[in-house]
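Between the sequences and the hints, there should be enough to build the whole structure, so can you do that?
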Amino acid sequence: MSHGHSHDHGHHHHHHGDGDAASSLPPALDLSVPDAELTPGQLSRRSMLRRTGLLGAGLAAGSVLAGAGQAAAAVSSAHAQNSRSGGYLWLAGDHHIHTQHSSDAKYRVIDHVRQANAHGLDWMVITDHGSETHAKIGVEKVNPDIVAARDQIEDTLVFQGLEWNIPAAEHGTVFVHPGKNEVAVLKEFENSFDGSVKGASSSSPANEALAISGLNFLAEQVQRRNVRDALFLANHPARKGIDSPHEIRAWRDAQPSIAVGFEGAPGHQAGGLPKPNGPGSARGIYDNSPSADSFAGYPLESYRTWGGFDWMTATVGGLWDSLLAEGKPWWITANSDSHNVYADTAVRGPNSDFNANGRYNDPVYGTGISLTDTDFWPGQYSRTHVGASSFSYKSVMDGIRAGRVWVDHGGLISGLNAQLRSGSQAVTLGDVLHVRKGGKVDLVIEISLANGPNWAQFVPSLARVDVIQGDVTGAVSDKDTFATPSTKVVKSFEVNKATGTVKLTYSLGRLDRPVYVRLRGTDGNRSAVGFNGAAVDPAGPAIDVLGDADPWKDLWFYSNPMWVLPA
Numbered sequence: 001m002s003h004g005h006s007h008d009h010g011h012h013h014h015h016h017g018d019g020d021a022a023s024s025l026p027p028a029l030d031l032s033v034p035d036a037e038l039t040p041g042q043l044s045r046r047s048m049l050r051r052t053g054l055l056g057a058g059l060a061a062g063s064v065l066a067g068a069g070q071a072a073a074a075v076s077s078a079h080a081q082n083s084r085s086g087g088y089l090w091l092a093g094d095h096h097i098h099t100q101h102s103s104d105a106k107y108r109v110i111d112h113v114r115q116a117n118a119h120g121l122d123w124m125v126i127t128d129h130g131s132e133t134h135a136k137i138g139v140e141k142v143n144p145d146i147v148a149a150r151d152q153i154e155d156t157l158v159f160q161g162l163e164w165n166i167p168a169a170e171h172g173t174v175f176v177h178p179g180k181n182e183v184a185v186l187k188e189f190e191n192s193f194d195g196s197v198k199g200a201s202s203s204s205p206a207n208e209a210l211a212i213s214g215l216n217f218l219a220e221q222v223q224r225r226n227v228r229d230a231l232f233l234a235n236h237p238a239r240k241g242i243d244s245p246h247e248i249r250a251w252r253d254a255q256p257s258i259a260v261g262f263e264g265a266p267g268h269q270a271g272g273l274p275k276p277n278g279p280g281s282a283r284g285i286y287d288n289s290p291s292a293d294s295f296a297g298y299p300l301e302s303y304r305t306w307g308g309f310d311w312m313t314a315t316v317g318g319l320w321d322s323l324l325a326e327g328k329p330w331w332i333t334a335n336s337d338s339h340n341v342y343a344d345t346a347v348r349g350p351n352s353d354f355n356a357n358g359r360y361n362d363p364v365y366g367t368g369i370s371l372t373d374t375d376f377w378p379g380q381y382s383r384t385h386v387g388a389s390s391f392s393y394k395s396v397m398d399g400i401r402a403g404r405v406w407v408d409h410g411g412l413i414s415g416l417n418a419q420l421r422s423g424s425q426a427v428t429l430g431d432v433l434h435v436r437k438g439g440k441v442d443l444v445i446e447i448s449l450a451n452g453p454n455w456a457q458f459v460p461s462l463a464r465v466d467v468i469q470g471d472v473t474g475a476v477s478d479k480d481t482f483a484t485p486s487t488k489v490v491k492s493f494e495v496n497k498a499t500g501t502v503k504l505t506y507s508l509g510r511l512d513r514p515v516y517v518r519l520r521g522t523d524g525n526r527s528a529v530g531f532n533g534a535a536v537d538p539a540g541p542a543i544d545v546l547g548d549a550d551p552w553k554d555l556w557f558y559s560n561p562m563w564v565l566p567a
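The sequence shown lines up with residues 1 to 567 when you count with full-length UniProt numbering.
Any given hint could be a false lead.
[Claimed, not checked] Cross-link-like lysine-lysine pairs, in silico, DSBU-like; alpha carbons within 30 Å at most:
{"id": "1", "residue 1": "275", "residue 2": "240"}
{"id": "2", "residue 1": "328", "residue 2": "488"}
{"id": "3", "residue 1": "479", "residue 2": "440"}
{"id": "4", "residue 1": "240", "residue 2": "187"}
Please keep in mind that the hints were generated in silico from the structure rather than gathered at the bench.
In structure tokens:
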């Protein structure tokens with residue numbers, strides 16, 4: 001029955017379970033449902049998706065030819081063989097969001113879900129902070145709100161997760177596939193392995209081992225079928241300098257199907273808006289200095305964002321590239337980390353007692369807007385686009401695990417379809433192209449340019465696209481390596497077009513050695529010679545200035561890598 005609010009095609013029940021059938025699209029995305037049969041809310045969502053180029057032939061699903069599936073060495077083929085032959089749905093999302101169940105936030109789950117939906121997100125993860133209070137009562141208390149939001153906003157997938165205080169390290173998103181045990185598994189995980197709950201935050205071998213035990217626990221829960229799936233992504237990895245290179249490698253090597261990546265760009269992007277109309281702080285609140293627990297090898301520049309991106313990602317030939325050069329699948333995302341939204345009027349509900357109740361009372365809306373809050377709503381500025389085989393929880397998790405992911409800020413572009421091609425073979429983001437030695441390989445890029453205004457009410461303009469390429473050199477002997485000398489910008493395309501689609505081709509030539517490529521694009525407003533010099537990166541993102549880093553005036557997109565393995 002249709003609940004009286006939409007023409008019923010059975011769509012809005014699918015994603016509560018597995019929902020992996022092709023028919024599990026919500027009505028707004030399902031073009032077989034005519035506009036006239038949509039509710040006003042569904043119609044406005046469809047219009048917005050059309051306007052941004054995210055809906056329609058060739059845009060919602062970039063065609064991916066046969067051969068997808070071996071997402072670098074360690075990703076199990078069972079996860080990667082899922083794609084429909086017709087291509088992928090590119091679903092935008094955010095895996096780092098805080099509610100009134102976090103001690104430093106205030107919004108209800110439904111507030112975030114409605115905003116995410118209005119800003120075009122298809123999936124999101126609620127990640128309240130791990131803490132003694134959250135571990136005791138918060139995990140249960142937030143769940144009914146998440147379950148209710150799933151019912152109420154049928155075309156946004158809402159995962160339950162938490163922001164893990166990683167023992168000996170920074171924060172990370174941990175989330176599970178919805179199901180009857182989602183609360184029990186997250187609660188046991190948090191009580192057993194959270195650095196704050198266990199008093200295990202400082203840098204020590206014992207605490208590092210506890211983090212690995214936490215990842216092993218998650219893998220065991222999936223193996224025992226207590227939950228259908230689980231993922232971990234490290235958040236704001238360079239912010240405090242406490243995620244050492246060997247810890248990042250250890251997470252990934254311990255459980256490569258659980259620990260799959262980190263935030264390429266942190267949330268809190270409004271932090272850089274200058275005073276008096278903004279907080280006058282730092283993008284991402286990356287305004288720290290080294291501490292006793294910081295990894296001593298990191299330079300001072302790593303404690304700042306670069307064009308809004310984390311130094312580990314923004315540095316060509318840096319830490320991320322050192323992992324990719326090993327052939328390790330390790331993916332980047334971009335998120336809001338939304339706690340308190342810039343220019344919003346909400347304040348915490350009066351008479352709240354967080355410690356007693358595990359939550360703040362519902363927010364109330366006043367008359368004065370806050371110009372000192374540092375966050376955007378989910379989807380308002382940062383988006384993580386995942387190539388999914390269908391509109392379902394499992395497909396989003398599979399797409400993230402496989403690395404079919406690209407990220408953007410400020411709606412810089414509407415769509416990206418990148419492929420490595422050799423003869424009749426083609427692979428997309430996160431995948432491996434197997435060719436004969438000396439086989440000719442081309443990188444083919446199709447970009448749907450921004451075709452509507454973003455939240456700041458301008459249409460972004462893509463000025464340049466960079467191709468970054470590196471040799472795959474194999475495992476490193478020093479697990480604290482955070483550089484790789486062979487990776488550099490090999491081609492820059494100037495984009496002399498304002499609307500429509502741009503098609504770019506770069507020939508990698510005839511390859512006799514394994515390489516990887518990744519993409520980056522910019523509005524061209526702020527560039528500087530990269531951290532490793534002009535020969536490596538002649539015009540990369542500039543280091544963000546504390547107090548003067550308007551996020552809307554410096555927009556970038558990044559893709560995850562693809563590998564070529566000649567044999």
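Here's how the hints hold up against the structure:
Between residue 275 and residue 240 the alpha-carbon distance is near 24 Å, which keeps this suggested pair within the 30 Å criterion. With a C-alpha separation of about 18 Å, the suggested pair residue 328 and residue 488 falls inside the 30 Å cut-off, and the hint holds. For the hint linking residue 479 to residue 440, the alpha-carbon distance of about 34 Å lies beyond 30 Å, and the restraint is violated. Annotation: proposed proximity of residue 240 to residue 187 holds, straight-line Cα distance about 27 Å (limit 30 Å).
Of the hints listed earlier, the one the structure fails to meet is number 3.
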